[in-house]
Amino acid sequence: MNLTMLMYLIPSLIMFACGVYGFITRKNLIAILISLELMLNSVDLNFVIFNRFLFPGQLEGMFFTLFAIGIAAAETALAIAIVINIYRSIKKIDVSEITKMKF
Amino acid sequence: MDLTLPILILAIPITMFLILGLFGMKMSHKLAGILGILGMGTTMVLAYTVAFDYFFSGNSLFISGSERLQHTVFDVTWLQFSPRLVVNFGFLLDPICAMMLVVITTISFFVHLYSWGYMEGEKGFQRFYAFLSLFSFSMLGLVVATNIFQMYIFWELVGVSSYLLIGFYYKTPSAVSASKKAFIVTRFADLGMLIGILVLSFYMPTFNFIELTAPGQPQAVLASTGGATFLGGSVLTWALVLIFTGGMGKSAMLPLHIWLPDAMEGPTPVSALIHAATMVVAGVYLVARMFPLYLMEYQALDFITFIGAITALYAAVVACTQVDIKRVLAFSTISQIAFMMVSLGVARPEIHEGLGYMASMFHLFTHAMFKALLFLGAGALIHAVHSNDYTAMGGLRKYMPITHWTFLIGCLAIAGIYPFSGFFSKDEMLSAMYGYSTFWGVWMTFVAGLTAFYMFRLYYLIFWWDENPHYKHHRPHDAPWQMSLPLIILAAVSCVAGFIPFGELITWNGEPYHIHIEWVKVAIPSLCTAVVAILLATVMYRKKNSLPDKAAAIWPGLWRAAHHRFYWDEIYMFITHKIIFNVICSSIAWFDRHIIDGTMDAFAKVTQKTSYTIRGMQSGSIQTYVWWYLMGAVALAAITCWAIL
Numbered sequence: 001m002n003l004t005m006l007m008y009l010i011p012s013l014i015m016f017a018c019g020v021y022g023f024i025t026r027k028n029l030i031a032i033l034i035s036l037e038l039m040l041n042s043v044d045l046n047f048v049i050f051n052r053f054l055f056p057g058q059l060e061g062m063f064f065t066l067f068a069i070g071i072a073a074a075e076t077a078l079a080i081a082i083v084i085n086i087y088r089s090i091k092k093i094d095v096s097e098i099t100k101m102k103f
Numbered sequence: 104m105d106l107t108l109p110i111l112i113l114a115i116p117i118t119m120f121l122i123l124g125l126f127g128m129k130m131s132h133k134l135a136g137i138l139g140i141l142g143m144g145t146t147m148v149l150a151y152t153v154a155f156d157y158f159f160s161g162n163s164l165f166i167s168g169s170e171r172l173q174h175t176v177f178d179v180t181w182l183q184f185s186p187r188l189v190v191n192f193g194f195l196l197d198p199i200c201a202m203m204l205v206v207i208t209t210i211s212f213f214v215h216l217y218s219w220g221y222m223e224g225e226k227g228f229q230r231f232y233a234f235l236s237l238f239s240f241s242m243l244g245l246v247v248a249t250n251i252f253q254m255y256i257f258w259e260l261v262g263v264s265s266y267l268l269i270g271f272y273y274k275t276p277s278a279v280s281a282s283k284k285a286f287i288v289t290r291f292a293d294l295g296m297l298i299g300i301l302v303l304s305f306y307m308p309t310f311n312f313i314e315l316t317a318p319g320q321p322q323a324v325l326a327s328t329g330g331a332t333f334l335g336g337s338v339l340t341w342a343l344v345l346i347f348t349g350g351m352g353k354s355a356m357l358p359l360h361i362w363l364p365d366a367m368e369g370p371t372p373v374s375a376l377i378h379a380a381t382m383v384v385a386g387v388y389l390v391a392r393m394f395p396l397y398l399m400e401y402q403a404l405d406f407i408t409f410i411g412a413i414t415a416l417y418a419a420v421v422a423c424t425q426v427d428i429k430r431v432l433a434f435s436t437i438s439q440i441a442f443m444m445v446s447l448g449v450a451r452p453e454i455h456e457g458l459g460y461m462a463s464m465f466h467l468f469t470h471a472m473f474k475a476l477l478f479l480g481a482g483a484l485i486h487a488v489h490s491n492d493y494t495a496m497g498g499l500r501k502y503m504p505i506t507h508w509t510f511l512i513g514c515l516a517i518a519g520i521y522p523f524s525g526f527f528s529k530d531e532m533l534s535a536m537y538g539y540s541t542f543w544g545v546w547m548t549f550v551a552g553l554t555a556f557y558m559f560r561l562y563y564l565i566f567w568w569d570e571n572p573h574y575k576h577h578r579p580h581d582a583p584w585q586m587s588l589p590l591i592i593l594a595a596v597s598c599v600a601g602f603i604p605f606g607e608l609i610t611w612n613g614e615p616y617h618i619h620i621e622w623v624k625v626a627i628p629s630l631c632t633a634v635v636a637i638l639l640a641t642v643m644y645r646k647k648n649s650l651p652d653k654a655a656a657i658w659p660g661l662w663r664a665a666h667h668r669f670y671w672d673e674i675y676m677f678i679t680h681k682i683i684f685n686v687i688c689s690s691i692a693w694f695d696r697h698i699i700d701g702t703m704d705a706f707a708k709v710t711q712k713t714s715y716t717i718r719g720m721q722s723g724s725i726q727t728y729v730w731w732y733l734m735g736a737v738a739l740a741a742i743t744c745w746a747i748l
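Heads up: the sequence lines are chains W and C, in that order.
For the first sequence, the residue numbers in this note's numbering are 1 to 103.
For the second sequence, the residue numbers in this note's numbering are 104 to 748.
Honestly, the hints are just simulated from the structure, not real lab data.
Glycine included, each C-beta is placed from N, C-alpha and C at the ideal position.
There's no promise every hint is true.
[As the list claims (entries may be wrong)] Computed list of chain C residues with no C-beta within reach of chain W, every gap over 10 Å:
#	residue
1	F406
2	L511
3	G723
4	L733
[Unchecked claim] Under the rule of at most 25 Å between Cα atoms (straight-line distance), these lysine to any residue pairs were calculated in the SDA-like manner:
#	chain 1	residue 1	chain 2	residue 2
5	W	K100	C	K647
6	C	K647	C	T424
7	W	K92	C	S722
8	W	K27	C	T424
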């Protein structure tokens, strides 16, 4: 069986859609964060796929993905730190209740 | 001519105003009073010097042959609005100006001196002197104006000082409303004057009096308008009538006289200075100043004659029925100024060489002296009995001999009894009126008789009649020397001022006029009228009796109407409140509130409603935004796909 580009792209699309769905519907900050990672990873996957199938002689897509993974790790750490701080101050991580800085 | 004196005449009063106005509160009453009196005294001496120089030095600047010239001492650019529209500030010296300098400074000085006694211990004593100085400055600036715009500016300034001084007792509601009334009425009249000035200066591109009144100028104006008329009057007539409107306001001519009786709410020295001797004759002065222009077309002069004659009779009748002695004097002032106006109105070069002009200025001079005397006398009476009404007086001749004799001299002068000053000036005026038309002559002789009657009615009611029982508790006495001295001096002046050869000094064209009294035709009849009127007043008011009531009962309607000043105030109230406020203003207010404001309010309301409705969209919840964003993206994608396919 020969794998085509579309067979990679469809799971990536499903991953992205799951991420969007989770981002919109979840109330828990951690879950939102996970959904965000899911979207990011699906985009990373797209980079790799396009690089592999459309420009087989080059590596820019691969390396860009590696950078993105590295930066995503840092960003996640930052986000987790913020979530922990919020939890420490109001003992909650439900996004609908974090309204203190509104207006 | 040396510039120092003219500049100082204007500079000293304004400096005094600034000093007393700015630092007055730090001074004692005595210091402020002495400063004010000294300042005004110096100005008076300087003004006398200038007037003496002008009339008697024989300087070729002032007189050529026998004709007195108009001399511009200085004239500098003051306000330059545009290259063509320039307002100058200057000092014009001519016979009437020199005469007015003497009158204003003399009366002002005596009023300053008198106020030292009259206003003693009053709160705001320094403010009073500051305002008096401001008034003197404004009035002097008015009479020396070289151009009509400078005159207009000072005209407004005297209006302001009059307003400030009428409202001197600013805690008394009646004084406040009187000052407002004076301000509004005269300002209303000044609007007419301003329009007149603009019309005149539009056709004659100058404000300067000498250029305005130069021979040949007015004809050029009439030619330039091509004989255009408006409601039967030419441009010149309309301009002059409108300018005269300003004079009607200041000089309290019918129907703009209503402010003057109320202006008596001010302190009595102010009434003497502003509302009897100087400011109220500004209207007469204005007409006299522009007299050569008025001579070009007689319609404006006829208008002046008519207004003046009606006013003179009206005010004289009303004066016969008033209770407040200051109001009697106020109406008497209106009547006497109207006399001057009529005299100016009937002045024609072909009638006794323009005698009316000279007579009017002569009467202005003598009237200023004896009316100031009467007002200051009234002030002394009010000072003694603490009331303005003659009902609180009576039999005062024994208690206040100085006031009594000086007041009597004032009454004799205003009644026109030989040899007091009023006789001479009134005789010249009547002579001019008879020369113009017998009808106006007889009319004004009758008014002169009324004058004698109401003045002696007042005199007898104050000094004879029946002694007021109140005196047993509070014995009235003559005023202190600061108040008595001006009375005595002014009385002395009123005795001798008639013998001044006025015609040699002041005439409409500068040529001397030799006064001669027409005994048979004018003087004897008017003297007889005055004597009969005085005798009638003596019979009716010398001792307490019922004759006055009986006289009032002959025509009760007339008496009541005169007592209520022929309901002019009520008419004005009706027009302003019922018609202007209720009908015109309230409908305009409705339009403003409901249409103009309503439109704006509707805009605001719609915006507000909309924003309230949609403000939920900005929830701050990122998830909702993402949801909307996603939907938008999907919709966009769908539209794109549909468009492509």
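Verification of the hints:
1. Here F406 of chain C stays apart from chain W, with its beta-carbon at least about 74 Å from theirs, past the 10 Å limit.
2. For L511 of chain C, the shortest C-beta to C-beta distance to chain W comes to about 87 Å, beyond the 10 Å cut-off, and the non-interface label holds.
3. With 10 Å as the threshold on Cβ separation, the claim that G723 of chain C sits away from chain W is violated: the shortest Cβ distance comes to roughly 5 Å.
4. At roughly 6 Å, the least C-beta separation between L733 of chain C and chain W is not larger than 10 Å, which violates its mark as non-interface.
5. At roughly 94 Å between alpha-carbon atoms, K100 of chain W and K647 of chain C are farther apart than 25 Å, so this suggested pair is violated.
6. Taking the CA atoms of K647 of chain C and T424 of chain C, the gap is near 17 Å; set against the 25 Å cutoff, the hint holds.
7. Proximity of K92 of chain W to S722 of chain C is assessed by CA-CA distance (about 20 Å); at most 25 Å being required, the pair is judged to hold.
8. Among the hinted pairs, K27 of chain W with T424 of chain C is inconsistent with the structure: their alpha-carbon atoms are about 96 Å apart, more than 25 Å.
In terms of the numbered hints stated before, the structure departs from hints 3, 4, 5 and 8, listed from lowest to highest.
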